[in-house]
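Colleague: Now for the letters of each chain:
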Amino acid sequence: MNIYRRFIEAAEKLKRKTAKENYTLRLAYLAGVLCLAGAMSSCEVLDQEPQAEVSEDIAISNKKGAQAALAGLYDQLQSGNYYGSNLLIMGDISSDVAQSIGTWDFYREMDTYLIDKSNLETGNFWTRAYRAINVANNIIEQVPPLADITEEEKNKIIGQAYLVRGLAYFDLTKVFGGVPGVVGTLGVPIITKPSRKVDESFFPSRASLEESYGQVESDLLTALEMLPEAHQTDLLTRSQAVKGTARALLSRLYLYLGKPEQAITYADAIIADPKYSLVASFANIFSSKFTTEAIFELNFNSADQSGINNWYYPSSLGGRGDIMAHTSFYEEATADPNDVRGKMFGYYQSKDVHYPTKYGKTSAIDNIQIIRLGEVYLNRAEARAKTGDVDGALADLNTIRQRAGIAPIEGLTDAQEALRAIWHERKLELAFEGHSFFDLVRTGQALNELTGIPRTNGPDVNLADPARQVFPIPAFDMDANKNLVQNEAYK
Amino acid sequence: MKHLLLIFFLTLSVPSALSAFAQGRTVTGVVTSEADGSPLPGVSVLLKGTTTGVTTGLDGNYQLTVPVQGGTLVFRYIGFQIREVEIGSQSTINVSLASDEKLLKEVVVTGYGEQDRKTLTSAQTSVSSEEIANLPAASSDQLLQGRAAGVQVASNTGTPGGGVFVRVRGSSSINGSSDPLYVVDGVPIQANNLSGIDLGGGTTSPIADINPADIESMEILKDASATAIYGARAANGVVLITTKRGSSGKAKVSLGMYTGIQNAPRLPDVVDGPTYERLMNEAFINNGKAPKYANPDGAISTDWADAVFRTGKISNYDLSVSGGTDKVHYLVSANHFNQEGVMIGSDFKRNTARVNLDFYPVDKLKVGTSILYSRNERNRLRNDDNISGAMPGTFAFPANLPYYKPDGSYTKFSIFENPIAAVKESDIQMSTNRFLGSVFAEYEITNGLRLRSSFSLDNSTVLEDLYDNTLLNNGAGTNGFGLSLATQNDNWIQENVLSYEFARNEHSFNVLLGTTLQESAFSMTQAVGEQFPSNDFRKITSAAVQRSSSNASSWGIASFFTRIGYDYKDKYLATINVRRDASSRFGADNRWGTFPSVALGWVVSEEAFFEPMPDFVGDVKIRASYGITGNQSGISDFQALGLWGGSSAYADIPGVSPVQLANPDLKWETTAQTDIGLDLGLFNNRVNIIADYYVKKTSDLLLAVPLPRTSGFNSLVQNYGALENKGFELAVIADVIKSEDFTWNANFNIASNKNKVTKLAAPFNVYNRDLFRYEEGYPLYSFYFHEQTGVDPATGDIQFADVDGDGEFDPNVDRKIVGDANPDFFGGFTNTLNYKAFDLSFFLQYSYGNDQLNWNRFFSEHGGVRDFNFMKSQLDRWQKPGDVTMVPKMTAANYAGNLRPSRFLEDGSYMRLKNISLGYTLPQALVSKVGISRARVYITGQNVFTVTKYTGLDPELTGIGDNPLAQGIEFYSLPQPRVFMGGFNLSF
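Protein sequences appear in the order of chains A and B. Sequential numbering of the first sequence, starting at 0, is according to numbering that gives the first Met the number 0. Sequential numbering of the second sequence, starting at 0, is according to numbering that gives the first Met the number 0.
If you're looking for bench data, these hints aren't it; they were derived computationally from the structure. One or more hints might be untrue.
[Unchecked claim] In silico DSS-like links for lysine-lysine, alpha-carbon gap of 27 angstroms or less: (1) B/Lys423 x A/Lys350; (2) B/Lys696 x B/Lys755; (3) A/Lys196 x A/Lys62; (4) B/Lys815 x B/Lys755; (5) B/Lys243 x B/Lys326; (6) B/Lys815 x A/Lys490; (7) B/Lys758 x A/Lys196; (8) B/Lys288 x A/Lys350; (9) B/Lys835 x B/Lys928; (10) B/Lys815 x A/Lys481; (11) B/Lys326 x B/Lys47; (12) A/Lys481 x B/Lys758; (13) A/Lys481 x A/Lys196; (14) B/Lys725 x B/Lys117; (15) B/Lys117 x B/Lys47; (16) B/Lys291 x A/Lys350; (17) A/Lys350 x B/Lys404; (18) B/Lys243 x B/Lys47; (19) A/Lys274 x A/Lys155; (20) B/Lys249 x B/Lys47; (21) B/Lys538 x B/Lys423; (22) B/Lys423 x B/Lys291; (23) A/Lys481 x B/Lys755; (24) A/Lys153 x A/Lys62; (25) B/Lys696 x B/Lys725; (26) A/Lys242 x A/Lys62; (27) B/Lys117 x B/Lys538; (28) A/Lys360 x A/Lys350; (29) B/Lys117 x B/Lys568; (30) A/Lys350 x B/Lys871; (31) A/Lys360 x B/Lys538; (32) B/Lys249 x B/Lys326; (33) B/Lys725 x B/Lys758.
[As the list claims (entries may be wrong)] Just a few of them, taken from the derived set where beta-carbon distance is under 7 angstroms, the chain B residues facing chain A: (34) Asn286; (35) Ala289; (36) Ala475; (37) Leu516; (38) Ala543; (39) Arg546; (40) Ala581.
Since this is a predicted model, take the numbers as computed values, not measurements. Yeah, the Cβ is synthetic: ideal placement off N, Cα and C, and Gly gets one too.
Please put together the full structure from these sequences, using the hints given.
Modeller: This is the structure:
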């Protein structure tokens, strides 16, 4: 402020010197005023506050903040990088269910088993899943001390955070780690504290595959303990985590871990739960919202925008039309003319290929089925077959076949044959819901099944390298974190 | 605060403060040129020590009222020596002025002042209004191209009014902005792209709001001595734009007009229908499949480019009236500029009005205003990195498809939009209203001591409307899609500058003290509509689904600055600058930064020992400067804070999630620049050489340091990393021929800048497919590719360099930096010739040694793995053993999705005849009969021809506008237009 003082002094000097000249005096006076005003407002000018964001310290400081953070957590799952479209496409395009026919090389890389560690979509999934984990970690750490929430309410919120974190680690581990006994020994880095200040914790190593799945299991079990059976409304019960969500995911998890008994236990609980029942019309699961089939259905409105319709629908219908069904899969799905699931296709005439119509709503408001009852039946069928209960397995399988409008399979006694039938059913039932590739890897079929797959705009492709049953750790984190070890096929 | 200022200025203008001027006597006379005795119009005649003055008329006559006794008249005219004559008792004073041939005597605008070039210690280049007059450019920043050594200018797009890439002495930042600071009539203006609609990366230039014809001069401040007075925002250089002002004398009316046509010099080089089908068949056969097309010879051939490119019109009208009395100087001007882009649906229209006034209400006091109101309208297109654009469609749509289906609807293909639909159905409008105005008062307190205060506003309102009807892919899925955006950017700036010039014996000093406050607020409101009743309804009010949002942000900066200039006998020169800036963007502990600079100059030719030098050596000056400047741009307003944002709703439940990590230590990016320069006059100073060598070291880069994303964050903006720019600049300005009837002035400049990242936390890749890599030891804009070594002549398979030397090529690891977008050297060459009444100027502009990525070719030379049209370069493919080519056999493996072959990286060197203009000035005798003082007609060509090996549409296209880290890439952008036009200038 020295300059201002000098201005004032200069002005006063002038005042004495040129007192006769009225205007000069006035000017000098005003110059002084101006300087003072300037000095005062310089502080104002420097005090700017964000208007669209809040400080991290106050984001979760009360009940409202905790609830908003929880919504922000589900928002991560909604992202097009994750369940909004990407993870589903990754699961189907890496299999023989969906194929890339457009310009987007990243899915073409997956389609043709030439995936690169710089693959954008792989990186997007990794980034988004860990964002979800960070939000969950914030909730898990910051909600317990809050004063304005009841214990019950806290459990409800924290339980959901555990569930989403468990789901994210599950997805990360199956994509980048592998399946015990099939492929991979390394899991993914496990982060359980919120990220605030850059320190060593920002540069983790990969946990072992067992530790990774162990984290999934413990998060889901903690969630199961804390979550309520239901939320206030049916919509919330199906669009946010409840005990049923945890049980359903556990029935899936134990198939990955080769523990069929536990898978059966949790599947039993779901199938016995009166909230959940198969809907008669298969198409309704997708054309309606929140049917009784839905266990965890991500809710989208026109502001959220699930992007999956855009990838599968041709440009004449407002989509990008980059990803289509493999013609071989279309033929497989329509082999039985009675199969209602074979009706869920459209024909893209100018390309002579078919596309799935599971996601057919305009304005990108298709909901996404993270887990639904149909899968749980098939989880139990598979687990039962594994434990030698072939009859029980066929009963579950035929429940699903019956709903699809096709004849039951009867008279099978061999558990392996039953498993093959169940796996085939799984492929048809859950097509375009992001399961196929991971199911093939989990069941050890990938290297056999994924050979000689004909593509519309290229030669046949094969998954020849067993090490390519897992995706590469994204290049940006390999660059940024020296503690990470790359998967074998991408070194 | 604002109220107080208002009172201040209201009070200043109170007429009661004005004292009547004493009555006097009248002096008249004629001012002529000493050389030929011809009358000199426009000479400033001033009563010394006052602001009383006039300018001479057309015949060199003047008339001035002076006090009854005493007084001295000062005669000033650009290019002539100043003369002072004591009035004594004379009533007629005729004066002849001697021309001043010394270039170094010209007065140039500097930061917060003006200075005789002779005593300038800094590196700065002037671009005068003559050089840029009557050129068909929407935006003045484009006009700097090739004019100033070391200033690199390129275009992101040929779309009228589109964003421009300007670098002064290289890029000095990675995440921060590397754009220079623009200062118009002393006001640092808002120069960021304000368009909020992403049409594929194309940006708009806010400098286009200014009418080029209003510009008196542009000064590019390059070294730290010139820029440090702008402190924290000066690291990328400063462009000072000074607009024209009135001067005493009779009203001068200038009318200018030009009109012309423009088209694209090159169109997409794609194959015809039969060739497309034959090539596709070849790919299918090579991939072991049956041919796709049965009868390629019968295919139709559609020329998609023909349907969307056009010959556009360009026209410009300028009118200005300027003049003044001894109390008031005025200039008012109006401009209308209209440019149709080379593609249907892209237009730019500008209307501006300017009022620049200077009042001398009382002795020693000057108050004035500079006011610009500008309104722009743009019709915009999706293009660049956007699959819905017309340009992508023009490249991609196979030539064997018709424009329309048999039912009359648009043919649809793949993910792309039908180009005709893209230009005709999409409705994207942007209008900008900008007010840029300042009021100032300047008072000479005592002889040489002045106080100047100013208050300025720079307000922009941008309204954008986008409507996609159901005939477009974008609108089909949502039954019509509408987007409406209002963006407001408000800046105010208050400055006070106290300056004092004095001399003691042969020591001259000028001292400056100043303060600045600036506040900038941004706000945006957006509405989105879907589900429209029909294509006739375009406003969101009719949409069944409506969404909206709004956002706001702000920043402020407070500064003190000082400068001390010193010279001894015009021989030893020194300048010291210090600026202290505080910015709201940084943490409270790191707000203040100090930016000093020092410069020394030695006019060797003034030394006695210089006498024996041969005659052809004229003025010689050696300059050296060192200083530190800063950069605070390119980061968000609240980058230092750990923030959670609110736009994370889950369906109808409002949600929050983390946006960024806190970094309370965040501070300025700092650039230390050393400059050594030589100004040399030869042959009576008819040849002037200006040479500079500089080293710019930027440290504490505002860098988004990549974090392991397992943290939930991609990066943390830190002051981490360093880079340097080193280069030399050479400008040669020569009056090659100077005779009565024939003059030839040549202006050549060349510059080389070597840019290198010297410190980085970890290498990182940017842009789709990781095309660019930032790594220590490499320049910015380095391309990251698989180095293609050739094609096996025996098999036709693509061959790559085995980077890790393990004996086989693996796309995951064998990727490396294979080039960069920075030129080895670049510059321009201007020639101006006058023969009697004819004038001819031509301007060549060049860039050498830059790599340019032809990304269009990557998509269109696809070997059959995509189904879009081929570029003709595909015809060079390997077909049979023995073929030697870089384009491999058309198999899926050779064009696999994970390959980034370096063959698409081309030599981007070019030389372009940017401008050629031929003019004729009508004989004065003829035009004066109709009251015209000067009339000139001219024809001009712009981008007339280009010499380059680059095969894309335009080697000058540099980037995807919204990603400053990706430069040297052409990706579905419109090329610079070739313009032919004619026009005239009249003055009365």
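Colleague: Work down the list of hints and note, for each, if the structure agrees.
Modeller: Outcome of the hint check:
1. For the suggested pair B/Lys423 and A/Lys350, the alpha carbons sit about 26 angstroms apart, so the restraint of at most 27 angstroms is met.
2. The suggested pairing of B/Lys696 with B/Lys755 holds, with an alpha-carbon distance near 10 angstroms, which does not exceed 27 angstroms.
3. With a C-alpha separation of about 25 angstroms, the suggested pairing of A/Lys196 with A/Lys62 holds against the 27 angstroms cut-off.
4. At roughly 16 angstroms between alpha-carbon atoms, B/Lys815 and B/Lys755 fall within 27 angstroms of each other, so this suggested pair holds.
5. About 18 angstroms separates the Cα atoms of B/Lys243 and B/Lys326, which keeps this hinted pair within 27 angstroms; it holds.
6. For the given pair, B/Lys815 sits about 15 angstroms from A/Lys490 by alpha-carbon distance, which is consistent with the 27 angstroms threshold.
7. Annotation: proposed proximity of B/Lys758 to A/Lys196 holds, straight-line Cα distance about 22 angstroms (limit 27 angstroms).
8. The straight-line distance between the Cα atoms of B/Lys288 and A/Lys350 is roughly 16 angstroms, inside the 27 angstroms bound, and the hint therefore holds.
9. Distance hint between B/Lys835 and B/Lys928 is fulfilled; the C-alpha atoms sit about 20 angstroms from each other, no more than 27 angstroms.
10. With a C-alpha separation of about 19 angstroms, the suggested pairing of B/Lys815 with A/Lys481 holds against the 27 angstroms cut-off.
11. About 15 angstroms separates the Cα atoms of B/Lys326 and B/Lys47, which keeps this hinted pair within 27 angstroms; it holds.
12. Between the alpha carbons of A/Lys481 and B/Lys758 the distance comes to roughly 17 angstroms, so the proposed pair stays at or under 27 angstroms and holds.
13. Simply put, A/Lys481 and A/Lys196 have alpha-carbon atoms about 19 angstroms apart, close enough for the 27 angstroms limit, and the pair holds.
14. This hinted pair checks out: B/Lys725 and B/Lys117 have alpha carbons roughly 26 angstroms apart, not beyond 27 angstroms.
15. Proposed proximity of B/Lys117 and B/Lys47 is supported: the alpha carbons are some 23 angstroms apart, at most 27 angstroms.
16. Straight-line distance between C-alpha atoms of B/Lys291 and A/Lys350 comes to about 11 angstroms, which keeps the hinted pair within the 27 angstroms bound.
17. Under the criterion of a C-alpha separation no larger than 27 angstroms, the hint pairing A/Lys350 with B/Lys404 is consistent with the structure, at around 16 angstroms.
18. Distance hint between B/Lys243 and B/Lys47 is fulfilled; the C-alpha atoms sit about 24 angstroms from each other, no more than 27 angstroms.
19. For the hint pairing A/Lys274 with A/Lys155, the CA-to-CA distance comes to about 19 angstroms; that is within 27 angstroms, so the pair holds.
20. With a C-alpha separation of about 21 angstroms, the suggested pairing of B/Lys249 with B/Lys47 holds against the 27 angstroms cut-off.
21. Annotation: proposed proximity of B/Lys538 to B/Lys423 holds, straight-line Cα distance about 18 angstroms (limit 27 angstroms).
22. Only pairs whose Cα atoms come within 27 angstroms are accepted, and B/Lys423 paired with B/Lys291 is rejected, the gap being roughly 32 angstroms.
23. With a C-alpha separation of about 24 angstroms, the suggested pairing of A/Lys481 with B/Lys755 holds against the 27 angstroms cut-off.
24. At most 27 angstroms may separate the alpha-carbon atoms for a hinted pair to count; A/Lys153 and A/Lys62 meet this at roughly 9 angstroms.
25. Distance check on the hinted pair: B/Lys696 and B/Lys725 sit about 8 angstroms apart at the alpha-carbon level, within 27 angstroms; holds.
26. Taking the CA atoms of A/Lys242 and A/Lys62, the gap is near 22 angstroms; set against the 27 angstroms cutoff, the hint holds.
27. Simply put, B/Lys117 and B/Lys538 have alpha-carbon atoms about 60 angstroms apart, too far for the 27 angstroms limit, and the pair is violated.
28. For the given pair, A/Lys360 sits about 22 angstroms from A/Lys350 by alpha-carbon distance, which is consistent with the 27 angstroms threshold.
29. Simply put, B/Lys117 and B/Lys568 have alpha-carbon atoms about 12 angstroms apart, close enough for the 27 angstroms limit, and the pair holds.
30. Between A/Lys350 and B/Lys871, the direct Cα distance comes to roughly 24 angstroms. Compliance with the 27 angstroms bound is thereby established for this hinted pair.
31. Proximity of A/Lys360 to B/Lys538 is assessed by CA-CA distance (about 23 angstroms); at most 27 angstroms being required, the pair is judged to hold.
32. Annotation: proposed proximity of B/Lys249 to B/Lys326 holds, straight-line Cα distance about 13 angstroms (limit 27 angstroms).
33. As the CA atoms of B/Lys725 and B/Lys758 are separated by approximately 16 angstroms, the hinted pair is consistent with the 27 angstroms bound.
34. Because the closest C-beta pair between B/Asn286 and chain A is about 4 angstroms apart, less than 7 angstroms, the hint holds.
35. A least Cβ separation of about 12 angstroms between B/Ala289 and chain A goes past the 7 angstroms threshold, and the interface hint is therefore violated.
36. For B/Ala475, the suggested interface contact is upheld, since its CB lies about 4 angstroms from the closest CB of chain A, less than 7 angstroms.
37. This hint holds: B/Leu516 has a C-beta 5 angstroms from the nearest C-beta of chain A, less than the 7 angstroms allowed.
38. With 7 angstroms as the threshold, the beta carbon of B/Ala543 stays out of range of chain A, its nearest partner Cβ sitting at about 10 angstroms, so the hint is violated.
39. Annotation: B/Arg546 was flagged as interfacial toward chain A, and the flag holds, the nearest CB pair being 5 angstroms apart, inside 7 angstroms.
40. For B/Ala581, the interface hint holds, since its Cβ comes within 7 angstroms of a Cβ in chain A; the closest pair sits about 6 angstroms apart.
Going down the numbered hints, you'll see the structure goes against 22, 27, 35 and 38, while the others check out.
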